[in-house]
Amino acid sequence: MIGLRVDGLRVVYDGFAAVDGLSFEVAPGESFGIVGESGSGKSTVLRALCGLAPLAGGSIAFTGSGSGSGSGSGMPAEAGSKAWRRQMQMVFQDPYGSLHPRHTVDRLLAEPLAIHSMGDAEARIERALDEVGLGRGFRFRYPHQLSGGQRQRVAIARALILEPPVLLLDEPTSALDASVQAEVLNLLEALRAQRGLSFVMVSHDLAVVTHLCQRLMVMRRGRAVEMLAAEDLAAQRVQTDYTQQLMQAAAGFVRVGV
Amino acid sequence: MPTAPLLTVEDLRVAYPQRDGGLQEVVRGVSFTLGRERLGIVGESGSGKSQTGRAIMGLTAPGAVVSAKTLRFDGEGGRGIDLLTCPPQQRRALRGGRMAMVLQDPKFSLSPVMRIGAQIEETLRTHLPVSSSVRRARMLQALADVGIEDPARVARLYPHEVSGGMGQRAMIAMMLVAGPELLIADEPTSALDVTVQLQVLGILDKLVRAGSGGQHDGQHDGQHDGQHDGKREGNGMGLIFISHDLRLVSSFCDRVLVMYAGRVVEEIAAAELHHARHPYTRGLLNCLPQLGAPAHPLPVLQRDEAWSR
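Quick note, the sequences are listed as chains A and B, same order.
Just so you know, my numbering puts 26 at position 26 of the first sequence, and the rest follows in order with no gaps.
Just so you know, my numbering puts 1064 at position 64 of the second sequence, and the rest follows in order with no gaps.
Isolated chain A (complex conformation) (with noise of 0.2 Å):
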């Protein structure tokens, strides 16, 4: 198992710090949920985790066995490298914009076993089909004939074939209907249980974090505002006044003086 530890993380796009001085550390195993709002910097964090975003200071390391405590050797040094990414693998939020219209779920799954030189795409494709609950038959369709969820299993089948221990996860159900929704979380959390993934989760649900997280950072203007435990979240013990806020908008809406 591989954990994480990102250590004051910068992201600057034309001199905006969407990511200003980030730190946190994910225990290998760990599931670990980002949660705030829209611009909080919360999918930007994700997105330099994986290579997408530019580095504008800070460092990420991969933690745990194999590691040699935290030094990296055996495992890549450099952040975004292709070495880097076949640990990590990222799956996005909305599974209509995330797969190519024109290639077949075959070849979607594929590529990633190409580009990193993965022999044996075969089995490897139909054993990720079937991991997903899709089965072989959805191979060889596209992805207009795929129903929400089913095109979201699409999209963590490719993250998982490449067989990375860290999953990254941006709003993995924000697109799906709820009771799709609760499929793809239950799957998430087999596979978790079943390969020791460590998740890095993205959401501004936070019911869906608290279930599938066991750790959670509260992110605003791109810094961590509170880091708590799950179950801290579920019985209401936040620190902070913009946590509460959040819990409180979360709870769904309240009319006031009818």
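Hints are computed from structural coordinates only; laboratory data are not their basis.
In this text, a Cβ means the ideal position worked out from N, Cα and C, and glycines have one as well.
Treat the hints with caution; some may be incorrect.
[As the list claims (entries may be wrong)] With the Cβ distance kept under 8 Å, some of the chain A side facing chain B (calculated, not the full set): (1) Asp130; (2) Glu131; (3) Ala207; (4) Ala234; (5) Ala249; (6) Phe253.
For chain A, the structure is supplied; the task is to place chain B on it using the hints.
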């Protein structure tokens, strides 16, 4: 709550032609009446909830076959309007004027090449014969009414220059500027953050209760269209709130219709939602993760063939 019906829908059906020449019904016999209240329509994607809203507005995609025993709009002015048989011209006059629809995503439903202020004024230009200075004043007032602090600045901006929450408020302002009696909101807050979501709901809530007519300067309008304006103060509008979020809807609406496969499977007072009897409604409620009540794995909705029959 039971006011005179504003909208009567009886046995509404919407069907789309299939490739093999047959018709597929996506809305299959929906009936309800709407007073000046908040009615929620909940269901999963494909349940026909948006198609129901669009059929009422007359915005179904070309090729759709819409039929109903009754589809009547009884607004101010006595005579009910049969929405199915009224001429397209009258339908157009209603749409955006006396009935309006807020769409899900401001990114796609605002015109990207028009300033926000101009888009809102366009609604007025189409529906109310008022002078350009009145139009502008009303437009700014409408923006202020939805909680925008600096309406003059926002009016000059293009949609891509504002945040999602601001864009959604601008769209609500656009829909409300002509003072509609019926507002259909199709997932108005799904694209927004939870905190912004609450603000937008707060605005809708206030408008439904207070009536959108209250903001207008009656003297300006009376001479042009006395029937259309000014009488609605304090009356409130009828709101149809379409969403997939059962909890949100139950906290906001008075009454909820639960749709499955084109039919209404349950109608329930929002406050009674946790006593819902239909297995589909119960299933939908149960499969949501809940703060403080962990369930691993989450219960998954078990669908029953009989629900769609």
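Taking the hints in turn, this is what the structure says about them:
no., hint, in the structure
1, Asp130, "violated, 19 Å"
2, Glu131, "violated, 16 Å"
3, Ala207, "holds, 5 Å"
4, Ala234, "holds, 4 Å"
5, Ala249, "holds, 4 Å"
6, Phe253, "holds, 4 Å"
Hint compliance for this structure: hints 1, 2 are not met, and every other hint is.
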